[in-house]
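As a plain string of letters, each chain reads:
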Amino acid sequence: MIILTNNILTIEQLKKHFVTRQGIVKAVDGISFSVKEGETFGLVGESGSGKSTVAYTVIGMYKPTKGKVLYRGKNISQESKKRSQALKKEIRIVFQDPGTSLNPARSIRQILELPLKIHNLSRNHKDIVNKIEELLKMVQLPVDYIYKYPLMIGGGEKQMVAIARALATNPSFVLLDEPTSALDVSVQAKIINMLIQFQKKFNLSYLFITHDLSLMRNVASRVAIMYLGKICEIAPASEFFKNPLHPYTQMLLSSISVISDEEEALKPKKIISKGEIPSPVNVPPGCSFHLRCPNKMDICSREDPVMVEVSKGHTVRCHLYTNTHV
Amino acid sequence: MAKPLLEIKDMYVWFKVFGGILKVLDGVNFIVYPGEKVGLVGEMGCGKTTTMKAIMRILPMPPAVIPRGEILFKGQDILKMKQVKLQHLRKKEISMIFQDPTAALNPVFTIGTQLQDTIRFAEKSGKNTEKEGIRTRAIQVLKEVSLPDPERVLQNYPLQLSGGMRQRVCISMALVSTNELLIADEPGTSLDVTIKDQILRLLKELAEKRNTSIILISHALGAVRGMTDRLYVMYAGSMVEVAKTKELFAHPLHPYSQGLLAATPRLTGGGIGEGIDGRIPEYINPPTGCRFHPRCKQAMPICKDKKPPFFKVGKDHEVACFLFQNHR
Chain A
271 MIILTNNILT
281 IEQLKKHFVT
291 RQGIVKAVDG
301 ISFSVKEGET
311 FGLVGESGSG
321 KSTVAYTVIG
331 MYKPTKGKVL
341 YRGKNISQES
351 KKRSQALKKE
361 IRIVFQDPGT
371 SLNPARSIRQ
381 ILELPLKIHN
391 LSRNHKDIVN
401 KIEELLKMVQ
411 LPVDYIYKYP
421 LMIGGGEKQM
431 VAIARALATN
441 PSFVLLDEPT
451 SALDVSVQAK
461 IINMLIQFQK
471 KFNLSYLFIT
481 HDLSLMRNVA
491 SRVAIMYLGK
501 ICEIAPASEF
511 FKNPLHPYTQ
521 MLLSSISVIS
531 DEEEALKPKK
541 IISKGEIPSP
551 VNVPPGCSFH
561 LRCPNKMDIC
571 SREDPVMVEV
581 SKGHTVRCHL
591 YTNTHV
Chain B
57 MAKPLLEIKD
67 MYVWFKVFGG
77 ILKVLDGVNF
87 IVYPGEKVGL
97 VGEMGCGKTT
107 TMKAIMRILP
117 MPPAVIPRGE
127 ILFKGQDILK
137 MKQVKLQHLR
147 KKEISMIFQD
157 PTAALNPVFT
167 IGTQLQDTIR
177 FAEKSGKNTE
187 KEGIRTRAIQ
197 VLKEVSLPDP
207 ERVLQNYPLQ
217 LSGGMRQRVC
227 ISMALVSTNE
237 LLIADEPGTS
247 LDVTIKDQIL
257 RLLKELAEKR
267 NTSIILISHA
277 LGAVRGMTDR
287 LYVMYAGSMV
297 EVAKTKELFA
307 HPLHPYSQGL
317 LAATPRLTGG
327 GIGEGIDGRI
337 PEYINPPTGC
347 RFHPRCKQAM
357 PICKDKKPPF
367 FKVGKDHEVA
377 CFLFQNHR
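Heads up: the sequence lines are chains A and B, in that order. Going by the numbering used here, the final residue of the first sequence carries number 596, and the count climbs one at a time with no gaps. Going by the numbering used here, the final residue of the second sequence carries number 384, and the count climbs one at a time with no gaps.
Calculated from the structure, these hints are not laboratory results. Heads up, the beta-carbon is just placed ideally off N, CA and C, and yes, glycines get one too. Errors might be hidden in some of the hints.
[Stated by the list, open to error] Computed footprint of chain B on chain A; a stretch qualifies when at least three of its residues, placed anywhere within it, have a C-beta under 8 angstroms from a C-beta of chain B:
no.: 1; segment: 325-331
no.: 2; segment: 415-421
no.: 3; segment: 446-458
no.: 4; segment: 482-489
no.: 5; segment: 506-514
no.: 6; segment: 543-552
Model the full assembly from the supplied sequences, consistent with the hints where possible.
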């Protein structure tokens, strides 16, 4: 069956489990969402919630334990080495820490020419140099950086190089795994604005992973919250911040520190954050959030809630909303 | 106003390294009054932690040298203190919480050993030195930082605890002896949002209960807003602006403070400001005059030649920028 949608990426019941000595870690445990063409889909969660595992599964670093990853309707749930060259050119990733994702022994030129060479994007030596200069200009770095090494440039500049490397193959889908969390706010603002500009210019779709909700509000068109390998809530960004439904979302929102009174007014007041994210080896039975939940009911420790659509495009996985909307 | 508890006067800190002299701190002026909660914000590498380490006298010397300046704690210069006095200062008066609790705790000893050692050290002069007493005290301080099941925590190694719990242990260690000044160096940065919120609230509660002064360091503006009375903004080795926290958020005057505030993403949406071009300068060869001038959009010729002193622009509001030199 062919479904006609404008979804560029669809994830269906994706599971990724790791076998460790302590037991099975359910890093991602049955999540589904889809990213529309040209949008920025935000994935938020605390550390250990499985955000990065989702990204690594999409890029092909991991093979899913169960479930499907569909790219433009085509199943791509295989490892990177089994993927076609054309697919690798389409989906690219920017990692969190540019200090470790760039090889310190390679010059910026060597870093940027690798994707061009692998994907046969340039014919000769001169062409490669031209393309690299173009890429550097695109991310607003001086052209003479071509001879520098990652250690010689600042953190923000390194991340720009990493972004240039990701965009070198002209992709249509880019995974951004906390691209700015290792950087200062003033640098972060520059990078984010640049990413937004590239999105419009090249019609890119982003899967944007971050733990910073204020940042998410400004970049994402739709947001999903993850907790212990499962998605709690998906909603359009404006709706998500105006009307958060899941108790975990409310807790997250009330915990962030803001810089103005208008923002303070947007935060849900009543919820005081308590407890910590449990170990993913030992996930509590029922709803995994029930140990920290202020609205806990009897059913929560027994049954895992299912996703329900509360309003159009706004789905929540919580028993509070299950009965009223059946 | 009351006498300052801590006052740093025109302090310089240099690091002598292979490539030359890193002139990191460039005339720091900083005041904390008794019972006050002071914030210090600035980007990474601007010298926040160096300033605090200088207060504790834990800068590695060499390579660090302090060519000029004084740090007055209750009128006495910390930089000239003898070892014995310094020990007393660290024991009873000033303590510090570090950014990364994993690095602050020794991984090969249990929490119990480390915490009880701290207590034994802090209360050496006191009566409470027998084993049982120390153990009871350890459990008591762990309870104070709302750690569940303190008896078990005492037997655990740091790696068996979560990041938030480790930071709570660090806070409890800082609080064993009654302190007059608590330095919290980015206490929540390495933790998740919900945990960070808990830690900050805990610090605030404890400080208010004990009437301790706090210096809260952060690179994020949001964290200091609800926590502090007065706020310093630091850039490349010196303070550029100081005001009451509310005033600074409402009317930032220094171009750097304005840029920083505009670059912070907001919950209300509507995109993010431009950010500030360039980055923190090299300390071996820092820009002359105002160190911010190469990145400043409103730079004037004078900014290149002279380092701006603090200009008073309002009650408790001072700015180190020549744009305000004629302000009255």
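Quick rundown of the hints versus the structure:
no. : hint    : result
1   : 325-331 : violated (count 0)
2   : 415-421 : violated (count 0)
3   : 446-458 : holds (count 5)
4   : 482-489 : holds (count 6)
5   : 506-514 : holds (count 3)
6   : 543-552 : holds (count 4)
Hints 1 and 2 from the list above are not met by this structure, while the remaining hints are.
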